[in-house]
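Protein chains: 2
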Amino acid sequence: MRYYPDPAGGVGLSRLNRVIEEAFAEHARGMVQMPPKVYITLKEGDFRTMPAYIPSLGIAGVKIVNVHPENRGKGLPTVMALTVLLNVETGLPYAILNATDLTDLRTGAAGAVAAKYLSPRRSVSLGVVGSGRQAEAQIQAIAQELQVREVLVWSRNEKNATHLCERLDLPDCRSASLSRVCGCNLLVTTTPSRVPLIRDEWIQEGTHINAIGADAPGKEELDPAILLRSRVFVDDPAQAVHSGEVNVPIRMGLFSEGMIAGTLGEVILGMKKRMRPEEITIFDSTGLAIQDLAIAAIALEGQEGIELKFP
Amino acid sequence: MRYYPDPAGGVGLSRLNRVIEEAFAEHARGMVQMPPKVYITLKEGDFRTMPAYIPSLGIAGVKIVNVHPENRGKGLPTVMALTVLLNVETGLPYAILNATDLTDLRTGAAGAVAAKYLSPRRSVSLGVVGSGRQAEAQIQAIAQELQVREVLVWSRNEKNATHLCERLDLPDCRSASLSRVCGCNLLVTTTPSRVPLIRDEWIQEGTHINAIGADAPGKEELDPAILLRSRVFVDDPAQAVHSGEVNVPIRMGLFSEGMIAGTLGEVILGMKKRMRPEEITIFDSTGLAIQDLAIAAIALEGQEGIELKFP
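Protein chains in written order, with the numbering used here: chain X, 1 to 311; chain U, 1 to 311.
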């Protein structure tokens, strides 16, 4: 058994997008095992246990990930993750990965795959709401799939938006007002908001939106009116209803599971799609255990790790 | 974060029985979080993911454990387990334990606690069916709670029974026929059988039975007729119905969930009990995630572990 303290360093983003795409396709084919995430509630946060098995990639394991919003004041990340991989022939645990950065990357990759299939344009102006690690992961992954002409970033603290642009090696990236950002034809929302920040009137026809921030009951970023005039795709219907962007509108009776147009996997397989260039599409991402396995599979390549005595 | 390659060595069995008893009591009080085990089916076996949180012990985490019967031919244990512990304040994973031996010990401790409360005698003749690691764990844990006058062991291979007795430091331990073993007034069954090995006519009034072997759908060790004339306690009703000794009789319509007399935790709290000295009692053990956390809590004391860089 080996421990990998920093497995994110060697992950090639273009290759990552392909393996994430393959994992979603296998999900839509019904060829993976992925029970619902299991939540345990702690005092000031929670942790989620995410087991899965992807036979076509020969990979099985469990991600364990916490969410503790108060951790920043304690000098710890809000989200920390470990992935344990088990040999699919013998059940032997053979790898433990520090999966905190991998979690950001695999979520970015899902957004990139969604944008590749659902954006009606190959060349986009990219609006990003939020300026944290997920904002960066989305921009970099999307830039592998589409030509990004410009990036407009909104952050509650404008400095953070500027800093994000400085970190990125992209031609035209700048801070902008929320309404300007939402006027882009590809929009990514990455905040932990519990109120709909994004107003209906800001969203133009033909926009594709990656709604990434909502990943727990009570979280939402978009005015539900946007959902009602959009074609809404999800990563997994059960998880989306429980904790995705659609969870609050569904609980309020404004939206229903039956209104979900399909899954990202079904889009990849061509079973579902954007119907017209002028319609709005939304990808509601909650994060799947199969994404964690797919990125782990390629993260270990070329990594040494630290040998641990087991069994 | 630290890795503990051999945390079982320092576990005191008497202390272990007490912390396992406390965990079961908290379970009966409704003061733990323990979602059902999640099963993933691999090619030649499966693995189970077992998250839990015991606030009174300040411990939360996940055990990941496989079952691969074909592993012996590959030089690997059938069952291998890892436990990951998370800080209950921050969600930080702070310990990874090699939990293979701990799994044996915590199951033995549950049997000892059940025998302490449900055996009508303080001094017992102990019959043990099977001669593997769990047989040994049960005998040693029970010897902490009751005076064990003699131990009779049955194994399909008699040599293994003799070897088990040689390993144990007990006054009177010997191999015996299955019917003789089943005539003891405290009986422990620890085989992976899928047919009822234990015949109804062998079991005397006043016997207490720890039914340990059945831990997956399709497994059973006892003639269902024994269940019908016994008071049957379980560790957890949902798990027992799914995979415990009662799972096959329930599926065959011979037994029902409503016939379960109560849980071990309820027995510890005095809410349920053996009613008469001459009745037969059964403890149907499937193994709970809270047992894994309870033993982890004391296993780490005094252990150094290996420092791993995280987050």
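Heads up, a few of these hints could be off.
The list makes no distinction among identical chains, and a pair is therefore deemed to hold if it is satisfied within one copy or across any two copies.
Stated by the list, open to error - Heads up, simulated SDA-like pairs for lysine to any residue below, C-alpha to C-alpha not over 20 angstroms straight-line:
#1 K159 with E301
#2 K272 with R231
#3 K309 with Y94
#4 K272 with R199
#5 K43 with M271
#6 K116 with S193
#7 K116 with D223
#8 K159 with R180
#9 K219 with R29
#10 K159 with V241
#11 K43 with N160
#12 K74 with L92
#13 K309 with R2
#14 K273 with P171
#15 K43 with E89
Hint data in this document are derived by calculation from the structure and do not stem from the laboratory.
Structure-based check of each hint:
For a Cα distance limit of 20 angstroms, the shortest separation of K159 from E301 qualifies neither inside one copy, at 37 angstroms, nor across copies, at 47 angstroms. Taking CA atoms no more than 20 angstroms apart as the test, K272 paired with R231 passes inside one copy only; the shortest distance there is 10 angstroms, against 55 angstroms between copies. Taking the shortest alpha-carbon separations for K309 and Y94, both the intra-copy value of 10 angstroms and the inter-copy value of 18 angstroms come in at or below 20 angstroms. Taking the closest pair of Cα atoms, K272 and R199 never come within 20 angstroms of each other, the shortest separation being 27 angstroms inside a single copy and 58 angstroms across copies.
Proximity of K43 to M271 under the C-alpha cut-off of 20 angstroms is found in neither arrangement, the shortest distances being 43 angstroms within a copy and 29 angstroms between copies. For the homomeric pair K116 and S193, neither the shortest alpha-carbon distance inside one copy (26 angstroms) nor that between copies (53 angstroms) is at most 20 angstroms. When the C-alpha separation of K116 and D223 is checked against a cutoff of 20 angstroms, the pair qualifies neither within a copy, at 24 angstroms, nor between copies, at 60 angstroms. For a Cα distance limit of 20 angstroms, the shortest separation of K159 from R180 inside one copy, 17 angstroms, qualifies, whereas the shortest one across copies, 80 angstroms, does not.
Taking the closest pair of Cα atoms, K219 and R29 never come within 20 angstroms of each other, the shortest separation being 30 angstroms inside a single copy and 32 angstroms across copies. With identical chains, the CA atoms of K159 and V241 are never at most 20 angstroms apart, being 35 angstroms at best within one copy and 57 angstroms at best between copies. Taking identical chains as interchangeable, the C-alpha atoms of K43 and N160 are never at most 20 angstroms apart, the minima being 30 angstroms within one chain and 48 angstroms between chains. For the homomeric pair K74 and L92, the shortest alpha-carbon distance between copies (11 angstroms) is at most 20 angstroms, but the shortest distance inside one copy (35 angstroms) is not.
Both within a single protomer and between protomers do K309 and R2 lie at most 20 angstroms apart by alpha-carbon distance, with minima of 8 angstroms and 13 angstroms respectively. In this assembly of identical chains, the alpha carbons of K273 and P171 never lie at most 20 angstroms apart, being 31 angstroms within a copy and 74 angstroms across copies at closest. For the identical chains of this complex, K43 and E89 are inter-copy neighbours only, at 6 angstroms across copies versus 38 angstroms inside a copy, given an alpha-carbon limit of 20 angstroms.
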